[in-house]
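Use these hints to put chains B, C and D onto chain A, whose structure you have.
Chains as they are written, first to last, in numbering that gives the first Met the number 0: chain A, 0 to 357; chain B, 0 to 357; chain C, 0 to 357; chain D, 0 to 357.
Keep in mind that the hints were calculated from the coordinates and are not lab data. You may find that some hints are simply not true.
Treat identical chains as interchangeable: a pair holds within one or across any two.
What the hints assert, rightly or not - Calculated pairs, EDC-like style, for lysine to aspartate or glutamate (alpha carbon to alpha carbon, straight line, at most 16 angstroms):
hint: 1; residue 1: K356; residue 2: E164
hint: 2; residue 1: K318; residue 2: E306
hint: 3; residue 1: K256; residue 2: E306
hint: 4; residue 1: K251; residue 2: E145
hint: 5; residue 1: K322; residue 2: E167
hint: 6; residue 1: K267; residue 2: E315
hint: 7; residue 1: K200; residue 2: E259
hint: 8; residue 1: K256; residue 2: D202
hint: 9; residue 1: K213; residue 2: E145
hint: 10; residue 1: K318; residue 2: E98
hint: 11; residue 1: K170; residue 2: E209
hint: 12; residue 1: K267; residue 2: E317
hint: 13; residue 1: K322; residue 2: D202
hint: 14; residue 1: K356; residue 2: E111
hint: 15; residue 1: K213; residue 2: D62
hint: 16; residue 1: K200; residue 2: E306
hint: 17; residue 1: K318; residue 2: D308
hint: 18; residue 1: K267; residue 2: D308
On a predicted model such as this, the values are computed, not experimentally measured, just so you know.
Spelled out, the chains give:
Protein chains: 4
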Amino acid sequence: MAGNTFGTAFRLTSFGESHGPAIGGVIDGCPSGLTLDIDRVQQDLSYRRPGQSAITTSRNESDQIEFLSGIFEGVTTGAPIAFITRNHDIRPSDYSVIENVYRPSHADYTWEAKYGLRDHRGSGRASARETLARVVAGSVAAQFLEINGISTLAYTKSIGTINAEITEPLKREDIYNSIARCPDTIATEEIEQVLTVLRSKGDTTGGIIECTIKNLPAGLGEPVFDKLNADLAKAMMSINAAKGFEIGSGFKASSMKGSEHNDPFVNKGGTITTSTNNSGGIQGGLSNGQPVVFRVAFKPISTIMIEQDTVNSSGEPEKLVVKGRHDPCVVPRAVIIVESMANLVVADHMLRQRMSKI
Amino acid sequence: MAGNTFGTAFRLTSFGESHGPAIGGVIDGCPSGLTLDIDRVQQDLSYRRPGQSAITTSRNESDQIEFLSGIFEGVTTGAPIAFITRNHDIRPSDYSVIENVYRPSHADYTWEAKYGLRDHRGSGRASARETLARVVAGSVAAQFLEINGISTLAYTKSIGTINAEITEPLKREDIYNSIARCPDTIATEEIEQVLTVLRSKGDTTGGIIECTIKNLPAGLGEPVFDKLNADLAKAMMSINAAKGFEIGSGFKASSMKGSEHNDPFVNKGGTITTSTNNSGGIQGGLSNGQPVVFRVAFKPISTIMIEQDTVNSSGEPEKLVVKGRHDPCVVPRAVIIVESMANLVVADHMLRQRMSKI
Amino acid sequence: MAGNTFGTAFRLTSFGESHGPAIGGVIDGCPSGLTLDIDRVQQDLSYRRPGQSAITTSRNESDQIEFLSGIFEGVTTGAPIAFITRNHDIRPSDYSVIENVYRPSHADYTWEAKYGLRDHRGSGRASARETLARVVAGSVAAQFLEINGISTLAYTKSIGTINAEITEPLKREDIYNSIARCPDTIATEEIEQVLTVLRSKGDTTGGIIECTIKNLPAGLGEPVFDKLNADLAKAMMSINAAKGFEIGSGFKASSMKGSEHNDPFVNKGGTITTSTNNSGGIQGGLSNGQPVVFRVAFKPISTIMIEQDTVNSSGEPEKLVVKGRHDPCVVPRAVIIVESMANLVVADHMLRQRMSKI
Amino acid sequence: MAGNTFGTAFRLTSFGESHGPAIGGVIDGCPSGLTLDIDRVQQDLSYRRPGQSAITTSRNESDQIEFLSGIFEGVTTGAPIAFITRNHDIRPSDYSVIENVYRPSHADYTWEAKYGLRDHRGSGRASARETLARVVAGSVAAQFLEINGISTLAYTKSIGTINAEITEPLKREDIYNSIARCPDTIATEEIEQVLTVLRSKGDTTGGIIECTIKNLPAGLGEPVFDKLNADLAKAMMSINAAKGFEIGSGFKASSMKGSEHNDPFVNKGGTITTSTNNSGGIQGGLSNGQPVVFRVAFKPISTIMIEQDTVNSSGEPEKLVVKGRHDPCVVPRAVIIVESMANLVVADHMLRQRMSKI
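Chain A with its partners taken away, still in its complex shape:
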């Protein structure tokens, strides 16, 4: 069974290759009656667009979204919401060099092993351009969540060895005003410098994105396999270049003691809450009403402009030199993708939650 559908109740089926006619998706399960702000979808989509600065790729993707169904007079009807964006600025000749050569740490070899053939143009379906559909669907999900008071916010926590210091509550504008999607302005500057150097050398680096989901009702998640943290983990690890996921205390928890890790319950003005949040807002796989906080680690983009050793499809050694338009770091563009996938997971569980009691 193929794997291009995400979610159970609020579902995205995604399609499209980097250099095919279009990228798009179908959202099935968005409830009727939601007034959809299309401009906001377009705005969210712009956040993942490359070509925005010196530190992202120069490919010019206008990515004008077109909705094809499921909306009547600006309101969702309960019917599936399909959307596409046409691919422009396609230069297939850029990719002939990799037609028969496997780029290291890229999907070329594995996709060919799976399917017996591959669309090599711009990595085809394996291209990160596929995430465009996630952002559109995530933006629709966000608008559904907003009427329930829920908001999600991701930001760049680190790039390479540079870490953001967050001292104040996160604000969306602080994040998206930063070219690095980092609300710490000093870190942003450092990141820009580092990425500029890397870019000039044709090298790349990784980073970490942190995401917070606020105002979740307690009880979201489905025991025992579809725990909220389990579904978030899958969502995040399905993003290109993701190598790690942790929630709340995360890997640090492995060296903590129970007596310091446990989050005591307290009564704050009539509401049951916890005085610490090592749990990252999830206990026993279900939301506890505290902010859900998780982090995703991304590897350096595998497409580098430096000569590499590899083999071709006949198994013969090759020296590979890739040319073209590529980011030195995926993280700034991935911030909105992390946010979108989180919104898809939460929208799904908000709907599933409706079935928990008689």
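Same frame as chain A, but now just chains B, C and D:
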């Protein structure tokens, strides 16, 4: 939609509460013709049993497995394989103290928020005893994978601040001969000491499990959402107390450069392979033929024998002192669970892979 | 992907062979808070039991149901509800004659073709005994539907060429007091006579069951594939020996005119309803608030006591004479099965309906 | 959970409203390596087009299909295959009369009950125009099945009271050369006359379509719920206006005896086959290698040009007179739709079958 089914083609539906009549599951999709070694299932199950030493709980769980269907003359028939193990050694009175009190960092509060009520006896369905069904199904999956030459091996990489040093190839007997499930005998000794001290203080600690899957064919995984790493992440994060997941280079990748992270393809005696394995055996979401290597971080068990602040179901402050039988660390028992979940994921993708080409 | 799970939100996973240790199932998705009347489940189960009269088989199936999970102090918890019934009165020697011979119009040949082997004892998983799990789950579903005011009632409409005349509203007691499950007492007598004769000749016959579901809210069903009538059709055609399904006017509609078939909307005391019900309670795939009425045709049971021509697994001609315990007609026992499957479908759609609006 | 996806392994997700921007779908699970004949898809699509004669509607739907993904150099890649066709010839003003009035036996009332609102233009998502996506996907499925030697053929068996006499093997050209999709030329003439008269009166009629699937391997279908006949029943009953489904002997089986209904196995030149086919090619829910034969009953189209009694959304009585472009009978256009849905079911089960044995 409830979440007690795991997998798509090779599926486990699990059921049972800690102190109900039985724990069990139904495996649907196991192909016909597999000669099943029931003793081995029972053996694998024994690896997750508490009561094995001073460092695990003293609850006496015999956990005799009974298969109810799907096997005829020792061979799978293609029909669903159901199994149960009866719950014994149940002392419900142990749990009356928590009937109306929320244990910190436990599932009491969130499950009650979700369902409006809860079976408080031994945490009910939220108990780690539920993982018993995962181990049985995982053991069946392992036997299916074995005829395809695939083997999975997990071990304790760290407990608290003690890290295992692995210098030689992992051997199953070295792992399971260690009470800590750690093939490093020196680390095992240190772990025993640390856990004995923690136990005497009523405290707990966390740890990390590493797992390796060998001899996977290239191409396993389903783009773009059901990537092999995404499904592994979900599987692992669905285990009680898991807080983090990483594959290959993992979180370390975030501070690496592309030029050092990329795994060059090489031709080793006619086989295309890679000279390093930062990818952890997965590229573009699909296996590349190298060993799949991942780590799971576990938090300290939340049930501690130390007095804690919390609230009751009326929101009033309470001092909680739990008594009973509890481990100082979940990690040794979770090793076989990690292995089992990995086997379920791989068996699922081995079957799904059969549909990738005409 | 194997097919032993039915439903999306309210799901039954069924397991067990006729002559294995047990038949059972797991209901996942039953909401928490439902007070379950176990006696009623046992009562419903007794309605499908053979051995009740001269016209049904003499196999003595006590079928004591045991619930294993998901219920705490008599109330559903939201956790999966597992149940089993042990197989008794098993005489495997009865079946050695068919070990290598394919019974005409039975599942022997096709199951062996699919799986490469088969459990021949009492047809194994292909036995109608499997429907036991459907009745248990259907009875749980019925209790969930009842708190929503919904009731389902099936009865024998015809057996062979004998048709029931229904002049008054159906009553459950009239149906289940009849050994033929037919509220028309005259037809019941005729049926008994016909079946007694058939039984003495070792022959069998078919029949038709009609089912009515009352008090459905308007709007149940999920466009465009999971229409209520589509899911009912699948549910019914998945029952052993079912050969046809029709809803409302059914096959008769094929020769009607639109002007006579259309059901005019009328306002009855403030409620929008229809003056006729050719639609059978479903329009555009969704319930319209009128009674849902459908019929299921069953073929004669294929196991007859008359000598038949067939082949063995080597393809050689054989004369087959089956001995044992068999019904002359499946219909009386299938009435509760039809009812149960209908309840599973409606319970599923009642839950899914909760997600249709924001 | 919404219901716009059909199939498990070979899946169609469909979208689009009659008068929205486009109708389309996404096929996920089509194996890689299939050389796709796009002209044939377009040809199949033309078979469901209205406006072909006096007996079908005069709406001019060019329905040019555009494939957006999943195909590279004419061959499927294993990636999802998305397609759209733009809606043209849209005249929304035609539909203002029904904005607040419920057409009898149409989906207006029920969809509004479900979603709280509706896109009334041309019935929106409830329009039969939705089936366009089914035909495209079915045509792709047919091409996959063809390389496995499987072929599907449906035809008009009856319209109103006129029945086709089939004396020779069905040929595709005989069916599609008939404007009524009926290979019996005499019946075709009679149908044309009857429909012309009905059309002039603004009335409609129903009919029956029979479909045969040839060269299926034995063993297709998934016990116990996803039997081949069960999935076919669902597929057919999900088509607009379908009221009944029967397989093989169908409803007639209800009055037959086992001794006349059973299909004896015989050895025909080394192949195990049956001498009769009352089973309709399916035994125990699995294909037995004989032709699968089933029938679908369709009601008369509910949109008639005759004045009807109904109510508006305030519940007030209304006289409804619909104008516009409508068929007197859905059956001729539904022939290719029945065929397409059958192909989707069989393609799905051909893939699922790959997982039945180790």
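Now for the hints, and whether the structure bears them out:
Taking the shortest Cα distances, K356 and E164 never come within 16 angstroms of each other, neither inside one copy (42 angstroms) nor across copies (42 angstroms). Proximity of K318 to E306 under the C-alpha cut-off of 16 angstroms is restricted to the intra-copy arrangement: shortest distance 6 angstroms within a copy versus 64 angstroms between copies. Within a single copy, K256 and E306 get their C-alpha atoms only as close as 47 angstroms, which misses the 16 angstroms cut-off; across copies the closest is 14 angstroms, which meets it. In this assembly of identical chains, K251 and E145 lie within 16 angstroms of each other by CA distance neither inside one copy nor across copies; the values are 32 angstroms within and 35 angstroms between.
Neither within a single protomer nor between protomers do K322 and E167 lie at most 16 angstroms apart by alpha-carbon distance, with minima of 41 angstroms and 41 angstroms respectively. In this homomeric assembly, K267 and E315 come within 16 angstroms of each other (Cα to Cα) only across copies, at 11 angstroms, whereas the closest approach inside a single copy is 67 angstroms. Within a single copy, K200 and E259 get their C-alpha atoms only as close as 45 angstroms, which misses the 16 angstroms cut-off; across copies the closest is 13 angstroms, which meets it. In this assembly of identical chains, K256 and D202 lie within 16 angstroms of each other by CA distance solely across copies; the values are 7 angstroms between and 40 angstroms within a copy.
For the identical chains of this complex, K213 and E145 are intra-copy neighbours only, at 10 angstroms inside a copy versus 38 angstroms across copies, given an alpha-carbon limit of 16 angstroms. In this assembly of identical chains, K318 and E98 lie within 16 angstroms of each other by CA distance solely inside one copy; the values are 14 angstroms within and 63 angstroms between copies. In this assembly of identical chains, the alpha carbons of K170 and E209 lie at most 16 angstroms apart only when taken from the same copy (13 angstroms versus 37 angstroms across copies). For a Cα distance limit of 16 angstroms, the shortest separation of K267 from E317 across copies, 14 angstroms, qualifies, whereas the shortest one inside one copy, 65 angstroms, does not.
For the identical chains of this complex, K322 and D202 are intra-copy neighbours only, at 12 angstroms inside a copy versus 56 angstroms across copies, given an alpha-carbon limit of 16 angstroms. For the homomeric pair K356 and E111, the shortest alpha-carbon distance between copies (11 angstroms) is at most 16 angstroms, but the shortest distance inside one copy (47 angstroms) is not. Taking the closest pair of Cα atoms, K213 and D62 never come within 16 angstroms of each other, the shortest separation being 29 angstroms inside a single copy and 42 angstroms across copies. With identical chains, the CA atoms of K200 and E306 are at most 16 angstroms apart within one copy only, with a shortest distance of 11 angstroms there and 57 angstroms across copies.
For the identical chains of this complex, K318 and D308 are intra-copy neighbours only, at 5 angstroms inside a copy versus 63 angstroms across copies, given an alpha-carbon limit of 16 angstroms. Proximity of K267 to D308 under the C-alpha cut-off of 16 angstroms is restricted to the inter-copy arrangement: shortest distance 14 angstroms between copies versus 60 angstroms within a copy.
Violated hints for the displayed structure, listed by number in ascending order: 1, 4, 5 and 15.
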